[in-house]
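J.: Chains as they are written, first to last, in this note's numbering: chain R, 17 to 149; chain E, 17 to 149; chain C, 17 to 149; chain A, 17 to 149.
For the record, the hints were derived by calculation from the structure and aren't laboratory data.
A couple of the hints might just be wrong.
Said to hold, decoys possible - Listed below are the simulated EDC-like cross-link pairs for lysine to aspartate or glutamate, each with C-alpha atoms no more than 20 angstroms apart in a straight line:
id : chain 1 : residue 1 : chain 2 : residue 2
1  : E       : K132      : A       : E67
2  : A       : K113      : R       : D55
3  : C       : K132      : R       : E67
4  : E       : K113      : C       : D55
5  : C       : K113      : E       : D55
6  : A       : K132      : E       : D66
From a predicted model like this one, the values you see are computed outputs, not experimental measurements.
4 protein chains.
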Amino acid sequence: MSAPTTHSYRRLIRFADTDAAGVAHFSRLLVIIEEALHDFFQHCGVSILDEASAWPFVSIHADYKAGCRFGDEITVALSLAQMGTSSLTVSFEATRKGGPLCFCGTATLCHVNPSKNTPTPIPSKTRDALGPR
Amino acid sequence: MSAPTTHSYRRLIRFADTDAAGVAHFSRLLVIIEEALHDFFQHCGVSILDEASAWPFVSIHADYKAGCRFGDEITVALSLAQMGTSSLTVSFEATRKGGPLCFCGTATLCHVNPSKNTPTPIPSKTRDALGPR
Amino acid sequence: MSAPTTHSYRRLIRFADTDAAGVAHFSRLLVIIEEALHDFFQHCGVSILDEASAWPFVSIHADYKAGCRFGDEITVALSLAQMGTSSLTVSFEATRKGGPLCFCGTATLCHVNPSKNTPTPIPSKTRDALGPR
Amino acid sequence: MSAPTTHSYRRLIRFADTDAAGVAHFSRLLVIIEEALHDFFQHCGVSILDEASAWPFVSIHADYKAGCRFGDEITVALSLAQMGTSSLTVSFEATRKGGPLCFCGTATLCHVNPSKNTPTPIPSKTRDALGPR
Numbered sequence: 017m018s019a020p021t022t023h024s025y026r027r028l029i030r031f032a033d034t035d036a037a038g039v040a041h042f043s044r045l046l047v048i049i050e051e052a053l054h055d056f057f058q059h060c061g062v063s064i065l066d067e068a069s070a071w072p073f074v075s076i077h078a079d080y081k082a083g084c085r086f087g088d089e090i091t092v093a094l095s096l097a098q099m100g101t102s103s104l105t106v107s108f109e110a111t112r113k114g115g116p117l118c119f120c121g122t123a124t125l126c127h128v129n130p131s132k133n134t135p136t137p138i139p140s141k142t143r144d145a146l147g148p149r
Numbered sequence: 017m018s019a020p021t022t023h024s025y026r027r028l029i030r031f032a033d034t035d036a037a038g039v040a041h042f043s044r045l046l047v048i049i050e051e052a053l054h055d056f057f058q059h060c061g062v063s064i065l066d067e068a069s070a071w072p073f074v075s076i077h078a079d080y081k082a083g084c085r086f087g088d089e090i091t092v093a094l095s096l097a098q099m100g101t102s103s104l105t106v107s108f109e110a111t112r113k114g115g116p117l118c119f120c121g122t123a124t125l126c127h128v129n130p131s132k133n134t135p136t137p138i139p140s141k142t143r144d145a146l147g148p149r
Numbered sequence: 017m018s019a020p021t022t023h024s025y026r027r028l029i030r031f032a033d034t035d036a037a038g039v040a041h042f043s044r045l046l047v048i049i050e051e052a053l054h055d056f057f058q059h060c061g062v063s064i065l066d067e068a069s070a071w072p073f074v075s076i077h078a079d080y081k082a083g084c085r086f087g088d089e090i091t092v093a094l095s096l097a098q099m100g101t102s103s104l105t106v107s108f109e110a111t112r113k114g115g116p117l118c119f120c121g122t123a124t125l126c127h128v129n130p131s132k133n134t135p136t137p138i139p140s141k142t143r144d145a146l147g148p149r
Numbered sequence: 017m018s019a020p021t022t023h024s025y026r027r028l029i030r031f032a033d034t035d036a037a038g039v040a041h042f043s044r045l046l047v048i049i050e051e052a053l054h055d056f057f058q059h060c061g062v063s064i065l066d067e068a069s070a071w072p073f074v075s076i077h078a079d080y081k082a083g084c085r086f087g088d089e090i091t092v093a094l095s096l097a098q099m100g101t102s103s104l105t106v107s108f109e110a111t112r113k114g115g116p117l118c119f120c121g122t123a124t125l126c127h128v129n130p131s132k133n134t135p136t137p138i139p140s141k142t143r144d145a146l147g148p149r
């Protein structure tokens, strides 16, 4: 049994991510998780959106532990937690440089055929590319 | 024992809410939940952000059931699920006009003192304003 | 010669529109202009995005005069400034309720065929629907 | 007379930047310009937001020449076009990797005192840091 795939993604908190409370808006932090996920897919050579595949989020769960401010460097550690027939669950932990855990959670995506928008089994090639090695 | 407070909020899906998959981006749907919550607070006469109070999201859980497209009219039904000493949990269900459930979930907010950014007991006045009547 | 078509659109500044400077982000104010434009199109019975038509922005010019804060009610006055063969220019003025001019400018859209993404003459039916009456 | 300062900034178009027309939303492309500007400021050691200084956009002008799609790598070339007593104008050109000009324009920022929100002369130290060398 091999270790789960973990992917690391770094990102500065941009001004447009912040809100009037002076911290990154909770919804923009989830966009960073999506970016980390796409970075992981790209790293694995898996397409996020093409004629045969799309990966809509079907579930998200996030706990916010500490605010992220403009200019903060955030590192997301992404782990493949589970891969079903047509769905994928990742867990994530985002930390501030030299600092504490900022937010964490899980996201589940479904592999769909874009033209039909129905769940479609994850191709074995994709399965191999994303899974533990 | 009175029924839980339920608040209804309507919103069109705007073009800037959509993404290249042709549906509203999952993060933007959570912004609509925040809008519904603020609309609820405003309806109750409770301030979202002032010198004494801020209400950061500390947890969000959302399940996406059906895509929302540009121009769709979404109705969010918001219910106060729980009120702790300094936190508040709402459950939400968003449906498309004449249509199915689009997404649902729960959100937990913490009442904090903005200058200290530490959890602060929800004032009794606020408690009364938000609670069942 | 008839007066130019003017359309009015109201919108609250939402929390997710704001940034760490405590005001609505300049990019989000332009999203409000797009919303006003789409509201105008809808009011005229003109589709913003379908198989035959899309209306990408080809130019935007905005001057920001006063900050807009969370909860502010903004009214956009939109006027059809010019209609070319395949392009459309609107001018806009956004004011705060009971307050001063917040931002103003012009936006130019091009009517394109979505499949070819090339400028296409605005259909006469659309021209009539949007133009002065 | 020295050449104008030019700063280069690279950025992938992220999924959350796109809209239902399949391209990056015009407002999100302006966010990329802001990112480029902040990257330039950081490179020059100039603060974007602190107790003494904030730099709100007072004017933006953008022309969109070609759509940017999810995954496209965009390079922004930013040039300091003019520096007044308390304002700054930059011109920008954004191109796709190995491709054509995507959008270009100018942005003017005003240096303000955040507590008073009034124009304040750009400090000579900042002037030197941002200007031609």
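J.: Work down the list of hints and note, for each, if the structure agrees.
T.: Quick rundown of the hints versus the structure:
A threshold of 20 angstroms between alpha carbons decides the hint, and for E/K132 with A/E67 the separation of about 18 angstroms falls inside it, so the pair holds. Restraint check for A/K113 and R/D55: the C-alpha separation of about 18 angstroms stays at or below 20 angstroms, so the hint holds. With a C-alpha separation of about 18 angstroms, the suggested pair C/K132 and R/E67 falls inside the 20 angstroms cut-off, and the hint holds. Straight-line distance between C-alpha atoms of E/K113 and C/D55 comes to about 18 angstroms, which keeps the hinted pair within the 20 angstroms bound.
Restraint check for C/K113 and E/D55: satisfied, since their Cα atoms lie roughly 18 angstroms apart, inside the 20 angstroms limit. Straight-line distance between C-alpha atoms of A/K132 and E/D66 comes to about 19 angstroms, which keeps the hinted pair within the 20 angstroms bound.
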